[in-house]
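A.B. asks: Line by line, the protein sequences are chains W and L.
Residue numbers for the first sequence follow the numbering used here, beginning at 1234 and rising by one.
Residue numbers for the second sequence follow the numbering used here, beginning at 12 and rising by one.
Be aware that one or more of the hints could be misleading.
[As the list claims (entries may be wrong)] DSSO-like mimics (lysine-lysine), calculated; alpha carbons at most 30 Å apart, straight line:
| id | chain 1 | residue 1 | chain 2 | residue 2 |
| --- | --- | --- | --- | --- |
| 1 | W | Lys1524 | W | Lys1259 |
| 2 | L | Lys206 | L | Lys260 |
| 3 | W | Lys1383 | L | Lys57 |
| 4 | L | Lys234 | L | Lys261 |
| 5 | L | Lys311 | L | Lys234 |
| 6 | W | Lys1388 | L | Lys57 |
Because the hints were derived from the structure by calculation, they are not lab data.
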Amino acid sequence: MPIKSILKLEIERVSILDEHGNYDEKLGAGLIPDADLVKLYEAMSSCRYLDEVAFKLQRSGRMGTYPQNMGQEATSLAAAYVLNKDDWMVTCYRENCGLFWRGVPMESILLHWMGDERGNAMPRPHHATPIAVPIGTQMLHAAGLAWASKYRGEKQIACTFFGDGATSEGDFHEAANFAANLDLPVVFCCQNNFWAISVPGKIQCSAPTVAQRGIAYGMPVVQVDGNDIFACAYAVKQAAARAREESRPTFIEMVTYRLADHTTADDARRYRDQSEVDVWKERDPLLRTRKLLERKKLWDSSREEAMQARIVVEVSAAVARAEDIVAPQVSDVFNYTFAELSVDLAHQRDTMQTHSLASDAPAVTKGH
Amino acid sequence: MANLNLVQAINLALIQEMERDERVLLLGEDVGVNGGVFRVTEGLHKRFGARRVVDTPLAESGIIGTSIGLAMAGLRPIPEIQFDGFLGPAYDQICSHAARMRTRTRGAFTIPLTIRVPVGGGIHAPELHSDSPETIYSHQPGLKVVMPSSPYDAKGLLISAIRDPDPVIFFEPKRVYRAYREEVPEDEYTIPIGKARVVCDGTDLTVISWGASVLQCMESIEKSSRSIELIDLRTIYPMDLDAIETSVKKTGRCVVVHEAPRTGGMGAEVAAQIMERCFLYLEAPVQRVTGFDTIMPYYKLELNYMPDPARISNAIDAALCY
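Same shape as in the complex, but just chain W (with noise of 0.2 Å):
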């Protein structure tokens, strides 16, 4: 008998808008009218200084330890931009961008990182998940997100983010296993930006895509030009029609880069050349959608002049909000342990500055 091939691949990669600004008009025709392409434009920016910002409230002591989402932000924002208001986002801690387009507060993210849970208390109608700090979890919760709207008969779908090193854990495999085998609406987005801390992607996936790794559960995939908003939209459109409409899972993978290091307490000069990250400098999100904005001439430098002073007051008036919040109760640090408090809990709670003895009930006193 002779050897047969039995299965032949094709990974599919998206560009629509390049570095240099060039536009595919027909790929992106219809994708994004442009006055939202300014308004686009406008909310990377805005998050670009937020993280230039949080950058400098660290390295000030006013903020604790803080990742910044610097060169990702087409990635999230796309997907918010294309997404349904109701639609889970489902993120971990570089997607800020898409965050805010969704109306989450800047000082919400600002407060999470200042050591303050009222940042995550973030209000349902986003319909977006807490930062999540272990990697890789969050996309078994997309996972569950999406089977409840498919149980409940609704046609929500959820959109989870996660990182290149993420789909070395386990949980990114029983995640898209799950999805797939129980024909869950999940958009699988993969923001590939080659680096997990000091870990090159090499180490994470030998494989030449990371993409591949979503055909292995049974699920379409497609690799996108992460710094095109483009094309990451024009992926999480196709990928959110299907989940909606089959309720069939997507994976795809945003070729993206992180600029800045892992977070305030990295320094990326110790394991990556400078010479990458110039290259990639050139290929940022921002750069291109401003060439692509002014070559149609929705934005010149005035423009450009007027949105930075606006951003400026934006940025300094969610990191005041952030800043002048009441402290917290010392009690919250019990109060939401669980819906009620138990006895003991309670206890521990309004005993938590003195000797447990010292309330203690009366049958024992202090000095025996």
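Fit chain L to the supplied structure of chain W, relying on the hints for placement.
C.D. replies: Just chain L, lined up with the frame of chain W:
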């Protein structure tokens, strides 16, 4: 009233809660068509369909992680982890997310979730099918940990767990699954989480236990000529400290019995609580009868590891003669 064993009582509670509340669904390995490896979900797939009784891929973290998502969306998932020893892969989802979500989001997201887990040894099972990990999850803030020892309690506690707004790990002692039957009301009823049960009154000594060990304690107490009070904690966390205090202040002596390893086990917590609350009432040090700080042996030696009536009686005698 029906005469039911533990498996049947849990099955009945699941049916009643699923009929009462459309938000309740079951998921796990083999819980559907097969009715669970212990047949706890027998007949439910047929009765409620594949939408509400779901056979999942074989992945514990996936089962709990998706359950968390289901719960965040307002449903009341009841995942089953097939055996105690397989909770490990789900530990991260349970402790990093289910337990923390309410605190992390200041109540914006909550996780009403009941994780059913067969627990403990004594049924001649293979490795990792006989462990008692209740301490690990009791030590994690944000979780409630329940372990009934009787069919009646199992039904009432499971209904409470399902209706609870926070995550509950519901441990089902395998050794009790089919050990005996008792009268269980067919109507729905709840037993509050966090309340112990006084199994039998006594004045000379208090025995505190939970899960399958309660049955071993009863056997030991029946043989004793002294007046011994037996408390079944039923909920490991939050513990009914008032019940412990009331009883030990009355008897002045206490033996704690559990199958889990000794060091740092919940018996140590019981002893510490008694020190804080009942110090001046104690006539003897609190005794512990527990599993050992060893790996749970394969089943040829498992009965040597688990507390049995003879070891419990020895500890009772030691405390009484101190």
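A.B. asks: Are any of the numbered hints broken by this structure? If so, which, sorted upward?
C.D. replies: none
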